[in-house]
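Residue numbers (my numbering), protein chains in the order written: chain A, 238 to 447; chain B, 238 to 447.
Check before you lean on any hint, since a few could be wrong.
Between beta-carbon pairs, the in silico distance windows are [to be verified]:
| # | chain 1 | residue 1 | chain 2 | residue 2 | range |
| --- | --- | --- | --- | --- | --- |
| 1 | A | Arg378 | B | Arg388 | 24 to 30 angstroms |
| 2 | B | Ala373 | A | Ser399 | 33 to 39 angstroms |
| 3 | A | Gly330 | B | Glu317 | 43 to 49 angstroms |
| 4 | B | Gly420 | A | Gln430 | 47 to 53 angstroms |
| 5 | B | Asp397 | A | Tyr297 | 57 to 63 angstroms |
| 6 | A | Phe369 | B | Arg312 | 30 to 36 angstroms |
| 7 | B | Ala373 | A | Arg312 | 32 to 38 angstroms |
| 8 | B | Arg312 | A | Arg378 | 38 to 44 angstroms |
| 9 | B | Ala373 | A | Glu290 | 57 to 63 angstroms |
| 10 | A | Ser446 | B | Ala316 | 36 to 42 angstroms |
| 11 | A | Thr365 | B | Glu290 | 56 to 62 angstroms |
Think of the hints as simulated: they come from the structure by calculation, not from any bench. Just so it is clear, the structure is predicted and the values come from calculations on it, not from any experiment. Glycine residues also receive a C-beta, built at the ideal position from the N, C-alpha and C atoms.
2 protein chains.
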Amino acid sequence: MSRSPRMPASDTRALWADVEPPAARRLLLAALDAFSEHGYFATTTRDISQRAELSPAAVYVHYPSKAEMLAEICRRGHAEVLEEIEVALQVPGTPTERVRRFVQVFSSFHARRQTVGRVIQYELRGLTSDAFRAVADLRARFEHLIRAELRAGVETGEFDVSDIDAIGVTVLSLGIDVARWYGSASERLTPEQVGDLHADLVTRMIVASN
Amino acid sequence: MSRSPRMPASDTRALWADVEPPAARRLLLAALDAFSEHGYFATTTRDISQRAELSPAAVYVHYPSKAEMLAEICRRGHAEVLEEIEVALQVPGTPTERVRRFVQVFSSFHARRQTVGRVIQYELRGLTSDAFRAVADLRARFEHLIRAELRAGVETGEFDVSDIDAIGVTVLSLGIDVARWYGSASERLTPEQVGDLHADLVTRMIVASN
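Throw the hints in and build the complete structure from the sequences for me.
This is how it looks when you write it as structure tokens:
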């Protein structure tokens, strides 16, 4: 599926300024856009080099393989959302306030960084088993963090939650699916509005009624 | 990406017994499994014929193109879930009871028919524009149905919902994402338990507190 060079997706142009040299960054962003648009398996290294307006050989100068580009995108994407969550949770607060902040960050990320979100959520089947394990470790940290916050609220009596693991899955699920629907639904919410909406809904799902 | 014949996914083997002749059905189920596993763009007609243990030419005897197979899968998948919802909503009930039934059917479908769910939710970008429009019409009917039920509960005062469209998107989103996470999460819920969990959570999201 060869194609002419094209502009990167609007939410990816400014990403990952730390990737050096500039040709490596252009290739990584071209891979990100191509994987998001057509899927990892359907993208060739030639598609990537054409999007980056570089020669096909340029890919291998900077990356050993297409799989390594996917692994790098997944590492960076997961590390970014994890860092945003950890920053949000550094501020003390009630369990409700802390869960709200988790949800706001996690759901708005998948709207603001939709292209990254689509690749890190839907293209994991392209990872090698080593790369998958590294990403699974990062994902286990999200699950651990949300469960810890839910448990804290159950302990104070603020939350009425019968199955912490299942609610944890649901909270992450709501945020992850934003990467699929955002921009296509008739709803025109900003990423921050998506975060606030989900925070309100999750609060109603978990807070004890009296 | 040619591959040896393999068993169909466990949730697809018994599907679509009405597709005739049997070779057409085997091809359609092989396409379903292949699209779910590797994505539409990365699947060749040769992959499909090999999975169905038929010659490469057999595909074109029964289907004009790979795109037509995707369209047929999407039509059938959407029609099935829509039919399940319509049956569930034929029974009268309070707005809460009716929304619960909608959510139970929609969320459990995406667990029980995970392979179908993955294709009809994540492979739509492979549809031709005509086929996409037909599927978009079916999807608009889900949205219309859930909004009508939410509106009914707001009118009786049973629901406290500030933005019916946004809650409608959220209800569908919860169900759709089941096709991604079901079976991979540490949670081991049956499809019916997923439906009940989501019905409980959506009820808490929407029911007025006094």
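Status of the hints after comparison with the structure:
A beta carbon spacing of about 40 angstroms between A:Arg378 and B:Arg388 contradicts the range 24 to 30 angstroms that was offered as a hint. Checked against the given bound of 33 to 39 angstroms, the beta carbons of B:Ala373 and A:Ser399, roughly 37 angstroms apart, stay inside it. The hinted range of 43 to 49 angstroms is satisfied by A:Gly330 and B:Glu317, whose Cβ atoms lie roughly 45 angstroms apart. At about 32 angstroms, the CB distance of B:Gly420 to A:Gln430 disagrees with the hint of 47 to 53 angstroms.
Distance hint for B:Asp397 and A:Tyr297: a CB-CB separation of about 58 angstroms, consistent with the stated range 57 to 63 angstroms. Here the CB-CB span from A:Phe369 to B:Arg312 is close to 34 angstroms, well matched to the stated 30 to 36 angstroms. At roughly 35 angstroms, the beta-carbon separation of B:Ala373 and A:Arg312 lies within the given 32 to 38 angstroms, and the hint holds. Range check, B:Arg312 to A:Arg378: Cβ separation about 41 angstroms, and the 38 to 44 angstroms hint holds.
The given range of 57 to 63 angstroms is broken by B:Ala373 and A:Glu290, whose C-beta atoms sit roughly 34 angstroms from each other. With their beta carbons about 39 angstroms apart, A:Ser446 and B:Ala316 fall inside the hinted range of 36 to 42 angstroms. Between A:Thr365 and B:Glu290, the C-beta spacing of about 30 angstroms breaks the proposed range 56 to 62 angstroms.
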